[in-house]
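A.B. asks: Okay, here's what each chain looks like letter by letter:
Protein chains: 2
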Amino acid sequence: MRIGVLGTGTVGTTIATKLVELGHEVKMGSRSAGNEKGVEWASGAGEGASEGSFADAASFGEVVFNCTPGAVSVDALRMAGPENLSGKVLIDVSNPLDFSKGMPPTLSVCNDDSVGEQIQREFPDARVVKALNTVNASIMVDPSQVTGSVIFVCGNDDAAKAEVGELLQSFGWPGDDVLDVGDIAGARGTEMYLPLWLRMMGALGTPGFNIAVVR
Amino acid sequence: MRIGVLGTGTVGTTIATKLVELGHEVKMGSRSAGNEKGVEWASGAGEGASEGSFADAASFGEVVFNCTPGAVSVDALRMAGPENLSGKVLIDVSNPLDFSKGMPPTLSVCNDDSVGEQIQREFPDARVVKALNTVNASIMVDPSQVTGSVIFVCGNDDAAKAEVGELLQSFGWPGDDVLDVGDIAGARGTEMYLPLWLRMMGALGTPGFNIAVVR
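Chains as they are written, first to last, in the working numbering: chain Z, 1 to 215; chain L, 1 to 215.
No wet-lab data here; the hints were simulated from the structure.
Hints may contain errors.
Facing chain Z, from chain L, some residues (calculated, C-beta under 10 Å) [stated by the list, open to error]: (1) K88; (2) D112; (3) T147; (4) V214.
Within a straight-line C-alpha distance of at most 30 Å, the following computed BS3-like cross-link-like pairs (lysine-lysine) qualify [as the list claims (entries may be wrong)]: (5) Z/K101 to Z/K161; (6) Z/K37 to Z/K18; (7) Z/K101 to Z/K37; (8) Z/K18 to Z/K101; (9) Z/K161 to L/K101; (10) L/K101 to Z/K101.
Cβ atoms here follow ideal geometry from the backbone N, Cα and C, with glycine treated the same way.
The whole structure should be built from the sequences, with the hints applied where relevant.
C.D. replies: Spelled out as structure tokens, the structure:
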């Protein structure tokens, strides 16, 4: 499959690298083609890896991952262009962490809205699925570190969620561990979990954890 | 031990009943002594159970549970009186769910503040510990339903957290399942988890669940 990955940070490079390993053609997108991190990743990630602008990557992808910081995701996706997102599954991995007011970070949007919803409103023709934002990048693509733990998906398009479920399975997430928490407003829940996640990381002394459902 | 339980809802009655079963003397507090629910509980809960105003219950307790709705907790505690809370362990079980804007509920405070912090600021001489607000009432006092799952505590007073840990153990929470997530600002995390909890309840079809840490 051809996949666009928007964002050159840890999450973007980790997901893009995994996708190339799985045999996909992946174009990493950034603010401008030729971005240093994008070029570095593309030159080292092997065959099938390329880089370009947000618009290049979104246009290239049959599926698009948003791995940009949540507070700027809508802007980044505007640069990607609505015409390059229309009809496509858009997997939103972002978190709206705002470090500008010091530590601990607050969320740039929460409570009655979320980044997932902002994106779906701004790009009504994209099939937005929120996923993977509740674990660190390493676990996203290697859930064997946290066997039996849960990964959330939400979105308004059931077929899109099913496609994302298959992608997650290819990452190593068993179908039974994928929990569909409803429409895209469920992103409020998975994004507002971040402050607890950060506290848990502090208490456990590692970001290498996840939560499981017990009932 | 003499314990005051503020609030006559499901959480208050469940916790108060458990405490009586454990042999404590418990006074349930409400807006005014003689409250119908308070009297009903006290008359049925057996020896050691009594009821009164918020101030009666807080004055009675060596330890005080806040089981009032989070959006009105500070008001309820003002009625209880700072002099009746001073120096005492005050276990805040509340959640700031606001149903006034329709479904899903939003939080009446979040992101850069929390009910736990509001209470600690308003009553600086109380030893506030946030606990138990991440599970439903039935599980709070019967964690055998969700063996191996986690219960969070946070607060500024380590000795108070240790006392709460002992109370939680008497409820059935093994010490290893109690996770201390730091100072009282950790309440932002455990309160902001609620929107995800509500979505999980919807997806699982039951409030009878909890989360476990996997690492």
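A.B. asks: Next, verify each hint and record whether it holds.
C.D. replies: Hints and how they fare:
1. K88: violated, 25 Å
2. D112: holds, 5 Å
3. T147: holds, 7 Å
4. V214: holds, 4 Å
5. Z/K101 to Z/K161: Violated, because 35 Å separates the two Cα atoms, which is more than 30 Å.
6. Z/K37 to Z/K18: holds, 17 Å
7. Z/K101 to Z/K37: holds, 27 Å
8. Z/K18 to Z/K101: Violated, because 34 Å separates the two Cα atoms, which is more than 30 Å.
9. Z/K161 to L/K101: Given pair Z/K161, L/K101 holds - Cα atoms ~29 Å apart, limit 30 Å.
10. L/K101 to Z/K101: Status holds; Cα separation ~28 Å.
In summary, the structure is inconsistent with hints 1, 5, 8 from the numbered list given earlier, while agreeing with the others.
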